[in-house]
Amino acid sequence: MNYKEFNYNQLKEDAYSVRKKILELSYKSGGGQHIGGGLSMVEIMCYLYGYRLNISPDNLTEIDRDRFILSKGHGVLGFYPILNHYGIINDETLNTYKQQDSELISHPIKNYNLGIESSNGSLGHGLSYGLGIAHGLKLKEINSKVFILMGDGECNEGSVWEAAMSASTLKIDNLILIIDFNKYQSDGKTQEIINQDQLAARWSSFGWNVIEVNGHDFLSIDNAFQNKMLIGSPNLILAHTIKGKGVDFMENNNSWHHGRLTENLFNEAINILKR
Amino acid sequence: MMPILNKNLSRQWSRIGQRGIYGQSLLSLANDNTNIFAISADLGNSSGLDRFKQSFPERFINIGIAEQNMIGFSSGLSTLGYNVFVSSFAPFITMRACEQVRMNLGYMQSNVKIVAIGSGLSMGFLGNSHFGIEDISIVRSIPNIPIICPCDCFEVYKSLEALSNYQGPAFLRLTGGSPASSIYKEDYEFEIGKSITLKEGKDILILSHGSILSNVIKASEKLEDNYSISCHIENVHTLNPIDDKIFSIIKQYQTIITIEEHSIIGGLSSIISDSLLSFKNDVSNHIKINLPDSFLKSGTYEQLLEKYSLSSDKIYSRIVHEYIETNN
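Protein chains in written order, with the working numbering: chain A, 1 to 275; chain B, 1001 to 1328.
The hints are simulated quantities; they were obtained by calculation from the structure and are not laboratory data.
Misleading hints may appear alongside valid ones.
[Stated by the list, open to error] In silico EDC-like cross-links for lysine to aspartate or glutamate, where the CA-CA straight-line distance does not exceed 16 Å:
#, chain 1, residue 1, chain 2, residue 2
1, A, Lys183, A, Glu141
2, A, Lys4, A, Asp91
3, A, Lys21, A, Asp91
4, A, Lys138, B, Glu1058
5, B, Lys1053, B, Asp1042
6, A, Lys140, B, Asp1042
7, A, Lys171, B, Glu1058
8, A, Lys4, A, Glu92
9, A, Lys274, A, Glu212
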């Protein structure tokens, strides 16, 4: 499955399938999982892999591919099922998730053949790495773009702001940063841990073109890409999302930041999963 | 163009010191190797990179006083085929950015070379915030990163020449002041991971690295003159991986001495004593001459070497005290 036409209904269908895979993967592999943050990023990821990115099973090591970096490394449950859904990793590989010695563990490990551009897990690393790639692409006059997905809690890290300053100074405009702004982090509401009222204004003041979207609405996301990107400055899509999106009892319930699905809860989640 | 290494150049370069020679050497290597990229955390001029910046503006970036971003950025840049040299003062590049070094360089094995300038005690009155006396220990604990400690300006060049052809991360540790003592006066064979015998001798084995090797040589000459003690001196310029050859040399001596401008924790002496466990009683005496596990006083470089027993006289008297007096 790898279509690069904007097909709203298809993307909706993809999002449903991917959420189902997230729940299945979580349940099958057992133990605690970062489910909430995996579910909040689904529409963003389907939009990128189903439509926007020049990334396919055929060009994973080609220099002119686009790059996607999962800076919020805890979000693998929203990443591996995507790579599987769009044909980059096969079912057999996906089923090794959290098995001993697997390449697919709870945080991404760099593996170009599996479509994983960088090793992440500790937060605040992806933007610097992506900036270096984006700058290198410009120097080589390659028109590919770098896409990075970061969490709002991740913006607590100082290294994020070092990179934010660097991006505008270096005029990195071939990089699109997306913040999955689901308003929660491990210990609770981001608002109560580090005040996020001014998140958009902060990024703007660092020289970024900030576009706010509904991160669960493909039209809102597409509008940002089609109409609101600037040339000459770095672009940020601040995607308002709901942690645990799609499963009523998980939505905005931070106990699913890292939670365990029992058989009953898994069946219930699948039954009420919204299309 | 590659420099011709000879006596005159050795004299000229020693006046500049290791830090300045880093910038000059990288400039000369970058003429022929268009993949070389230099990034500095606002210490470009202090690292002798001003001419590099003028000659190759598209291959030099001052990333700002932001070492974490510097390592991450360099790592990403290297994926486009660049061999990226990043430099800053030793403590900042190893500690401030330690997790980036671990994740980006060790874990992902990016083609980035860390150049730690002003390591050891060479920052003098700038004090402990600027001393690089734990850097080997820190980097050594991260897998996949060779550690190279040149003993003079020629060896800085030889190391950089080797690193310009080396794929993967590495750590280059620059020590000493300017003028810097010179050990090599002409071109010689240098290979990452292969230690170099500077002097053959039968009584004791001295393992050392970095700019204090010149003091070690002077001390050994005095031992020879005053006590007829003949020292084998090995320039262990690469600490990770350490040359296996060293362990076959060690077997030939009852006394070995490790001498380094680094904390007693985690440097060459630790590497050797860790390995000596497997020799059991083959070596009866391991004398460690290093910096103590504490924050140190400030002073000129020479004053500090004297205070912390790394001047040639102090090295000499430590050996007299610990070797001769113990053996008699």
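Here is how each hint holds up against the structure:
no.: 1; hint: A/Lys183 x A/Glu141; verdict: violated (38 Å)
no.: 2; hint: A/Lys4 x A/Asp91; verdict: violated (22 Å)
no.: 3; hint: A/Lys21 x A/Asp91; verdict: holds (11 Å)
no.: 4; hint: A/Lys138 x B/Glu1058; verdict: holds (11 Å)
no.: 5; hint: B/Lys1053 x B/Asp1042; verdict: holds (12 Å)
no.: 6; hint: A/Lys140 x B/Asp1042; verdict: violated (25 Å)
no.: 7; hint: A/Lys171 x B/Glu1058; verdict: holds (14 Å)
no.: 8; hint: A/Lys4 x A/Glu92; verdict: violated (25 Å)
no.: 9; hint: A/Lys274 x A/Glu212; verdict: violated (24 Å)
Violated hints for the displayed structure, listed by number in ascending order: 1, 2, 6, 8, 9.
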